[in-house]
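**Student:** These are the residues of each chain, in order.
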Amino acid sequence: MKKILFYGLIAVVALGAVSALAEMDNRDFTVSTVTTNVGTKSYTLRGEVEGINVVIPTGKTCTVAIATAQQTIYTGTALTTATDGYFPVRLAIVDSTGTAISEVDAGSNTNSVYAKAAMAGTVTATFTPAAGTTGTNSYTATVIYKK
Amino acid sequence: MDPFYTITGPRPDLAAMEFNPPEGYIGQLLMPWMDVSDKSGTIYYNTVTADETAQTGRSAGTAPTGTQISTSNTTYTCAEIIDRGKITPDEAKQMGGIEKADMVGAKFAKRNVCNYVEGAIRDVVLDSGVAASASFDPPKVLTQIQDALDSVRLYEGKTTLVAATKTLRGMWQALLAESGPSKALARIVNGTTQNLNFKAWLEAMSMYFGVDQVLAGDDTIWNATAVSGRFAIGKFDAGTDPMSHKWRPIYGKVWRYLPESGTEWYVESVADRLTKNNMYDATIWANVVELNAAAKYVFDGVA
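Chains A and B are the protein sequences, given in the same order.
Quick note, the first sequence lines up with residues 618 to 764 if you use the working numbering.
Quick note, the second sequence lines up with residues 197 to 499 if you use the working numbering.
The set of hints was computed from the structure by calculation and includes no laboratory data.
All values reported here derive from a predicted model rather than from experimental measurement.
Honestly, I wouldn't trust all of these hints.
Claimed, not checked - Ranges between beta-carbon positions, derived for each pair:
| hint | chain 1 | residue 1 | chain 2 | residue 2 | range |
| --- | --- | --- | --- | --- | --- |
| 1 | A | ASP645 | B | ASP209 | 24 to 30 Å |
| 2 | A | SER729 | B | SER375 | 52 to 58 Å |
| 3 | A | ASP712 | B | ALA422 | 31 to 37 Å |
| 4 | B | ASP343 | A | ASP645 | 23 to 29 Å |
| 5 | A | THR739 | B | GLY325 | 28 to 34 Å |
| 6 | A | GLU640 | B | ASP408 | 34 to 40 Å |
| 7 | B | THR261 | A | THR689 | 49 to 55 Å |
All C-beta atoms, glycine included, are put in the ideal place defined by N, C-alpha and C.
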């Protein structure tokens, strides 16, 4: 009985520890497509987007779009190995009437105000290879987010 | 007997040789064999007739309103599924003699045929190439599972959650990261199974989701790229009654043509002295037939 309770306590602690530490997470959206075929991948995610890391194979060009259930949060047009990479995405925020919020700095310049994108539902990554793409290619977009 | 070369011709001994499908094969638990003596034909099978509101207030002498119930039909054509293993004479000696090499060669060929059938079952059960019905959402998975169970409730068989082993682990990982499900799962594991091996987790998952069984498939087949991250909830026939499809709305079976009664396999060996090789061919003739596609509900989106 004591041994069972002991192992049970470990299991509860272990499972509880997993929940408490699971703040930042990442999800890989990887597709393998033939020539110019469009590839999509979807997962259900909830949290705030910290950034998106895109990997394009050497010698290929691809447009990558990431859309949450609410809106498109990132579009990378004609990305190559030279222009792919990590993008700390932020979106312009709006007020309760849908009007963009802006602030005026010390130089009287009007600037949009940005915040992290929220995800609450199906997130879809769409990979559109450029015209003339040959072979079978694997494209990846990693969404890094905080739960 | 020639110590280097096998005998040429049919090998009923190798066909009857004890052979267990590789560990992790679950296809026959989902779509059992249906042995037939004709290579092709028509299948008459039962399907679901939608429920209707019972009649009240019938006038005396008037016939009750009736709904016609009948079987559906489709066709099957058993196609050859064959594989060949080859063993050179020197390798046959290394294996302990030609008789041992015969068994090695036949087992290899049989296993690859089994792989093919398992893959064919996987393609229909997980709807390869077809959009899934829903995307796995860990914090809302219980209502998702209930939607799936509701959609298959009129079909008959064991309520089953089926997925690749890696996909099941991915589901566990996602559920344990959610504050609500992780507490419930911890109580199920601690309070009932009291150990932490993988089989215990599957039993806990069966209890948590409210299904009769959870089947974990071999990853090399059930987690193939085309179906990666997918799992299915469905009603699958246990296969105890070979004629069950005629009177019960079940998911489907694998029609298998038996050229000789009682022999599931056709195995032959060939001693090829031109290429200096021993060859072993294992053959079955089969057709995976999905009868009631709506008896399953497919999810995708498990990372």
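**Student:** With reference to the structure, classify each hint as holding or not holding.
**Tutor:** Status of the hints after comparison with the structure:
no.	hint	result
1	ASP645(A) <-> ASP209(B): 24 to 30 Å	violated (50 Å)
2	SER729(A) <-> SER375(B): 52 to 58 Å	violated (35 Å)
3	ASP712(A) <-> ALA422(B): 31 to 37 Å	violated (46 Å)
4	ASP343(B) <-> ASP645(A): 23 to 29 Å	holds (27 Å)
5	THR739(A) <-> GLY325(B): 28 to 34 Å	violated (20 Å)
6	GLU640(A) <-> ASP408(B): 34 to 40 Å	holds (37 Å)
7	THR261(B) <-> THR689(A): 49 to 55 Å	holds (53 Å)
Hints 1, 2, 3, 5 from the earlier list are contradicted by this structure; the remaining hints agree with it.
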